[in-house]
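Can you make the complete structure from the sequences, with help from the hints?
Residue numbers (my numbering), protein chains in the order written: chain H, 82 to 393; chain E, 289 to 561.
Simulated from the structure, these hints should not be mistaken for lab results.
A couple of the hints might just be wrong.
Said to hold, decoys possible - Computed spacing ranges between beta-carbons, pair by pair: (1) E:D381 to H:L345: 41 to 47 Å; (2) H:E236 to E:D381: 30 to 36 Å; (3) H:D346 to E:K558: 57 to 63 Å; (4) H:P369 to E:T541: 55 to 61 Å; (5) H:G133 to E:Q513: 32 to 38 Å; (6) H:F362 to E:Q513: 55 to 61 Å; (7) E:P349 to H:D101: 17 to 23 Å.
To be verified - Below are the BS3-like pairs computed for lysine-lysine, each with C-alpha atoms no more than 25 Å apart in a straight line: (8) E:K350 to E:K558; (9) E:K425 to H:K124; (10) E:K489 to E:K458; (11) H:K119 to E:K425; (12) H:K83 to H:K249; (13) E:K458 to H:K124; (14) H:K262 to H:K307; (15) E:K558 to E:K371; (16) E:K385 to E:K371; (17) E:K458 to H:K119; (18) H:K293 to H:K257; (19) H:K293 to H:K267.
Glycine is no exception: its CB is placed at the ideal position from the N, C-alpha and C atoms.
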Amino acid sequence: MKDAATRDAYGQALVELGADDPRIVVLDAGVSDSSRSKKFGDKYPDRFFNMGIAEADMVCTAAGLATTGKIPFATGFACFLLGRTMDQILVSVAYSNTNVKLVGTHTGLAVGEDGPSAQMIVDMAYMRAMPNMIVVQPADWEETVQATRALIDYEGPAYFRLGRPKVKGIFDSSYKFEIGKGRVVKKGSDLVIFATGIMVQESLVAMEKLAKENINVTLVNISTIKPIDREIITELATSHGAVITAEDHNYIGGLGDAVGEVLLDQQISVPFKRVAVNDQFAETGTGPELFEKYGLSANHIAQAVKNTLKLK
Amino acid sequence: MANPNITELEKKALELRKLALKIIYQAGSGHPGGSFSATDLMTALYFGGIMNYDASNPKDPKRDRFLLSKGHASGIYYSVLAKAGYISESDLDSYRKINSERFLSGHGHPKTPGIEIASGSLGQGLSVAHGIALGTKLDGNDSKVYVILGDGELHEGQIWEAAMSADQFKTNNLIAIVDYNKVCQDNITKDLKDLEPLEDKWKAFNWDVHRIDGHNMEAIMNVLQLPLHPEKPRVIIADTIKGKGVSFMEGQTAWHGVAPSAEDYEKALKELV
Ligand SMILES: Cc1ncc(C[n+]2csc(CCOP(=O)(O)OP(=O)(O)O)c2C)c(N)n1
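Pasting the structure below:
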């Protein structure tokens with residue numbers, strides 16, 4: 082298990098997977114050092130297109146490349162990659178159903194000091210709302226590497242949500258990532274947490290605290306936010322009788338809503354709380370400071386678990 | 289390449305204008321003005337022996353590509369695709385109609401054979417065409433990629449992002465054609481946002497710039513037959529007339545996005561001879 086940022090795992094995976102698959106091409110919008118796509122560019126300069134600070138052009142160029150049978154990974158800071166290009170993604174990628182992988186790094190409050198214009202907290206809402214688009218957010222190194230491979234095998238538009246800070250290694254090579262499947266990380270009984278991305282690690286910390294108070298919860302890693310794993314949510318929400326979701330994203334339109342929709346659709350009426358950004362812009366500060374102040378830290382997750390259990 | 293008979297091509301263009309007007313009339317909606325300004329250019333590309341394509345094998349990787357970035361001119365696009373054999377003329381009856389088997393939507397989509405990418409949002413096609421040009425180069429194909437842009441479309445900033453990119457990557461198999469009909473939707477281009485000096489703009493972006501009369505078939509054929517520039521992408525600024533061929537439509541913003549009435553349709557047909 083390896084402690085590293087998911088963007089680092091992505092850069093490394095591209096280099097390895099690109100070696101014997103000439104269909105893989107990578108584009109960036111002038112941030113390839115930070116997004117780590119530069120690693121691919123250094124190795125395979127012919128298949129790397131740095132489009133400059135021109136995200137709209139990059140997304141549509143990727144769509145064009147896809148029509149020639151390439152598998153383009155259009156990479157950039159999530160806030161600009163998506164924020165600048167909703168229309169381009171809608172028409173040239175989602176509606177055209179081109180095989181473009183949009184890779185947004187630097188997501189959520191975890192970005193830290195650069196402030197709210199750089200902290201992308203609405204991207205899952207954007208991408209979930211688009212027909213034909215799937216949304217994948219890995220939790221650690223191993224899952225990122227496996228998910229990168231899976232996205233190559235998956236034909237169709239995808240959004241890959243990656244993070245800036247180093248996260249703990251959670252999975253070893255026995256882990257099997259599959260698009261559309263949630264995975265139990267730890268088994269308990271009192272309540273189930275559905276977490277995604279960096280919040281899987283945060284939830285594990287919360288669970289250690291809770292265990293000391295004899296509260297034992299189940300943790301599920303939801304790395305495909307769309308299409309969401311309806312079976313695992315239905316089954317575990319029913320068997321545990323209380324649900325928490327955890328995501329570094331606004332509470333509108335992300336994992337919490339996706340899980341809540343399943344509960345509503347399946348008429349599962351259980352205590353349910355979303356740990357997420359409370360529909361506000363944060364501020365500058367380190368990632369952990371922001372997590373504490375804006376309700377995403379392990380302390381907040383632990384508190385949310387206790388509050389939810391009271392409703393059971 | 290054998291030089292196709294100019295008179296034949298002019299006849300073809302006339303037929304295509306009639307067909308486009310017919311399907312817009314039948315649909316009761318559509319964009320005649322921008323269809324007619326682009327007709328001669330598209331006629332030369334598809335029927336003048338310029339583009340290498342095989343309608344029975346629309347996904348042939350070695351094909352030349354065509355993109356209509358100003359996708360609202362779908363009336364002429366589908367008419368051309370029908371005459372070229374990608375779809376049948378009877379398919380055209382479903383233009384803009386529900387349950388259209390060939391998906392003949394108001395703006396094109398790759399579900400229709402012969403169409404590479406969806407359109408409808410102006411400003412995207414040059415970037416997409418550039419991506420295709422880069423992809424075919426990677427494959428070692430000598431495919432050319434043609435894209436028709438509207439003049440109003442050049443107001444979109446993304447066009448100039450793409451212009452910079454194609455220069456940077458020296459994408460010389462990319463050929464943009466500006467259908468410079470001087471009219472947009474709600475105003476004439478000059479009064480909305482003037483594009484001039486337009487040739488200088490493209491030259492400043494380091495493109496190989498040509499300017500022609502976009503209704504002179506000989507001039508169109510000549511410029512399209514030029515060998516590729518060794519490194520620069522090419523832009524052909526084609527001076528055109530919106531609604532070309534029907535006197536009461538020519539140069540009129542009013543004919544940007546409306547179908548003719550029965551009376552106007554009959555009147556127009558009398559001129560398209
Ligand atoms: C991004 C975008 N904005 C607005 C429109 C609505 N629209 C459709 S056609 C048009 C005018 C286009 O003018 P031009 O590019 O000159 O095309 P032409 O005159 O050849 O029809 C507009 C504003 C659109 N399709 N896409």
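Hint-by-hint comparison with the structure:
At roughly 43 Å, the beta-carbon separation of E:D381 and H:L345 lies within the given 41 to 47 Å, and the hint holds. Checked against the given bound of 30 to 36 Å, the beta carbons of H:E236 and E:D381, roughly 33 Å apart, stay inside it. Separated by about 60 Å at the C-beta atoms, H:D346 and E:K558 satisfy the suggested range of 57 to 63 Å. Our hint of 55 to 61 Å for H:P369 and E:T541 holds, since their Cβ atoms are close to 58 Å apart.
For H:G133 and E:Q513, the hinted distance range of 32 to 38 Å is satisfied, since their beta carbons lie about 33 Å from each other. One distance hint, 55 to 61 Å for the beta-carbon pair H:F362 and E:Q513, holds here, with the actual separation near 57 Å. Judged by the Cβ atoms, the range 17 to 23 Å given for E:P349 and H:D101 holds: they are separated by roughly 20 Å. As the CA atoms of E:K350 and E:K558 are separated by approximately 41 Å, the hinted pair breaks the 25 Å bound.
Distance restraint check for E:K425 and H:K124: the Cα-Cα separation of roughly 19 Å lies within the 25 Å cut-off, and the hinted pair is therefore satisfied. Of the pairs offered as hints, the one joining E:K489 and E:K458 holds, with about 17 Å between alpha carbons and a cut-off of 25 Å not exceeded. Distance restraint check for H:K119 and E:K425: the Cα-Cα separation of roughly 22 Å lies within the 25 Å cut-off, and the hinted pair is therefore satisfied. Of the pairs offered as hints, the one joining H:K83 and H:K249 holds, with about 7 Å between alpha carbons and a cut-off of 25 Å not exceeded.
With a C-alpha separation of about 21 Å, the suggested pair E:K458 and H:K124 falls inside the 25 Å cut-off, and the hint holds. The hinted pair formed by H:K262 and H:K307 meets the criterion: a straight-line CA distance of about 10 Å does not exceed 25 Å. Pair hint E:K558 plus E:K371 holds up; C-alpha atoms about 22 Å apart against a cutoff of 25 Å. Distance check on the hinted pair: E:K385 and E:K371 sit about 20 Å apart at the alpha-carbon level, within 25 Å; holds.
For the given pair, E:K458 sits about 21 Å from H:K119 by alpha-carbon distance, which is consistent with the 25 Å threshold. For the proposed pair H:K293 and H:K257, the alpha carbon gap of about 30 Å is over 25 Å, so the pair is violated. For the suggested pair H:K293 and H:K267, the alpha carbons sit about 16 Å apart, so the restraint of at most 25 Å is met.
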